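Starting from the known structure of chain A, arrange chain B on it as the hints suggest.
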Amino acid sequence: MAEQFEPLVIGFTCNWCSYRAADSAGSGRLKYPPNIRLIRLMCSGRIDTTFVLKAFANGADAVLISGCHPGDCHYVEQNYKAQSRFLLMRRMLAQMGIEPQRLQLLWASAAEGTIFAAEVTRMVEEIRALGPLQWKTDGYVPSSVVGHPSGLQEVHA
Amino acid sequence: MVSVGNHPNINLMAYSEVTKVDGYVGNFTVTVRKKASYVDTEKCTGCGVCQDKCPKKVIDQAYEAGLGYRKAIYKSFAQAVPKYPVLDRENCTFFQKGTCKACEKFCEANAIDFKQEDKYMTFQVGNIILATGFDPFDARRIPQYGYGRLANVFTSMEFERLSSAGGPTGGKIVLRDGVTVPQSVGIVHCVGSRDKHYNNYCSSICCMQSLKFAHLVKEKTGATVYNFYMDIRAVFKDYDEFYQRVLEEGTLFVRGRVAEVTDAARLPGEEGKLIIQAEDTLIGKQRRIPVDMVILSAGLEPRRDAKEVGKLFGISCSAAGWYIERHPKLDPVATMTDGVLIAGCAQGPKDIPASVAQGAAAAARVAGKIQQKEIAIEPIRASIDKDRCSACRICNNQCPFKAINYIEATAEHRAYSEVNSALCQGCGTCVAACPSGAISGTVFSSQQILAQIGGLMLLNVDGNGHGARVEEKLEMVPA
Chain A
9 MAEQFEPLVI GFTCNWCSYR AADSAGSGRL KYPPNIRLIR LMCSGRIDTT
59 FVLKAFANGA DAVLISGCHP GDCHYVEQNY KAQSRFLLMR RMLAQMGIEP
109 QRLQLLWASA AEGTIFAAEV TRMVEEIRAL GPLQWKTDGY VPSSVVGHPS
159 GLQEVHA
Chain B
122 MVSVGNHPNI NLMAYSEVTK VDGYVGNFTV TVRKKASYVD TEKCTGCGVC
172 QDKCPKKVID QAYEAGLGYR KAIYKSFAQA VPKYPVLDRE NCTFFQKGTC
222 KACEKFCEAN AIDFKQEDKY MTFQVGNIIL ATGFDPFDAR RIPQYGYGRL
272 ANVFTSMEFE RLSSAGGPTG GKIVLRDGVT VPQSVGIVHC VGSRDKHYNN
322 YCSSICCMQS LKFAHLVKEK TGATVYNFYM DIRAVFKDYD EFYQRVLEEG
372 TLFVRGRVAE VTDAARLPGE EGKLIIQAED TLIGKQRRIP VDMVILSAGL
422 EPRRDAKEVG KLFGISCSAA GWYIERHPKL DPVATMTDGV LIAGCAQGPK
472 DIPASVAQGA AAAARVAGKI QQKEIAIEPI RASIDKDRCS ACRICNNQCP
522 FKAINYIEAT AEHRAYSEVN SALCQGCGTC VAACPSGAIS GTVFSSQQIL
572 AQIGGLMLLN VDGNGHGARV EEKLEMVPA
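One line per chain: the protein sequences are A and B, in this order.
One point on numbering: in our numbering, the residue at position 11 of the first sequence is 19, and numbering is uninterrupted.
One point on numbering: in our numbering, the residue at position 299 of the second sequence is 420, and numbering is uninterrupted.
The following block holds chain A by itself, in its conformation from the complex (with noise of 0.2 Å):
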């Protein structure tokens, strides 16, 4: 059998939404890619730039970034603020050649199990073709930006 590339996906959920629809699949027993691993958040608007480049820095090939619908979002209207980063970081991500598929956004509720396992599986597809991220990381990496400007390390790959 040919060594197929396996995609690494790091998704960030929301606790009260997505976290909990990722166990609803899991409860109903559905089966998507194991390529996704979930880090849980209480709120999508939680999620920080430098979690999505920590992950690509580190060797993902894809972000994930999934939270409750416009409307439902449990602390009223922070995932709109997700949205708006999420916008903005495609942007910047795609100026450093990133392609901006690597980073998706997903709204799911907690009910919606199905609907997470599908996508996530879409997703893993989609980037299994992108092929791996190309993103030179010899050299420096930056292993925490928050509150440290200096915060650069040597590391090598």
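Hints in this document: simulated from the structure, not taken from any laboratory.
Owing to the predicted nature of the structure, the values given are computational and were not obtained by experimental measurement.
Hints should not be assumed to be uniformly reliable.
[What the hints assert, rightly or not] Here are the simulated distance ranges between beta carbons: (1) A:T129 - B:N321: 22 to 28 Å; (2) A:R37 - B:A488: 43 to 49 Å; (3) B:E391 - A:E85: 52 to 58 Å; (4) B:R387 - A:S92: 56 to 62 Å; (5) A:R37 - B:G393: 55 to 61 Å; (6) B:Y527 - A:A126: 40 to 46 Å.
For each residue, glycine too, the CB sits at the ideal point set by N, CA and C.
Only chain B this time, still in chain A's reference frame:
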């Protein structure tokens, strides 16, 4: 209701609405607008002479469901608490034309005050319970059922008034002409409920209500009664026994959602009748059943203004429009906002015993909170290191709970922003937004999440499920 009105610890404010809520659990400041009723409640004795003498009759859309009249100055119903009437400005001859004033002339207590104005009051409370109820589904939205077009199609609310001894017909079940007693009645379940074109959910009360109607019609008129249903939801104590009794009384049940109510006769025996067309799914045939009267068991909907009211109090509505409880099974009366509770149909359609139980539950919760004097809150909160804060104020507007305060510079310190832990709900948006990295979020701090990202990447899995370590140094940035 009378004991509520008389209780020394209860301040009953009728004809009023909340206009503003500030603060947080234990320290809410609520502003209420008491609308002008043009009756001085300090003087009014509730004698009712003003209502007797008022010459202006108005169709009572609220209590009489449009079937009866009230006056321009009126009490909702005879036993209303508080006992003071209200003057309906839009229908009052004095306010519209400048004449009359009969109520003022005849009032012996001198309680009519045409110059009265809305009053605004502010007070402190520690906890809030919202029990704002529901709105009935408007059956006009289903044109094929003919409500509003076909005279003898009634809604459940209208039928409640018809069958009530204190209602416009004195409890006699009659057609719109006010005289004819129906010989056959069709009762339609699930009007506007369990329907993806209107509301997907089950309104909970209509099956039992429809059975009640069937029983009343049988008892008062002996007419032939047909109930058109999808399922009979008779779930609580003695409910199914009542259903069995209605079956024994001879009510006929047709299992099928009604397709149409029409007056267009096609077959012999249908002239002058209302024909209910439905598929009888138990025999697999379409049926056209002619009746004299049709009752539509309309469902329950959230209040039209539920979303705005929810915003006032800092709580949200579900997709269907009902207020969201903290946990559907384990915490149905609390909300995600500490100090604001919900009870009754505001939380979802339910009947009287269930509403009473929720009301008692919410009251008990509040009583418990009052006892404790301190409250415990979740530790998932943001906090601002004021030495790192650059006072850019970007975070101030990020917070939907208004939990971030800006402290102006003084001689002792420079300006900075500060998070109120009681209001903060822990979403973390401000943590992400801070350009100085001055805000940290407990439990979901940036260091923790970055470490998780690093950890998730340690193992790469190939197509055959084999792992391979990716060498990487993880740096933990000191907090």
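| task | Against the earlier hints, flag every one the structure doesn't satisfy and list their numbers going up. | result | none
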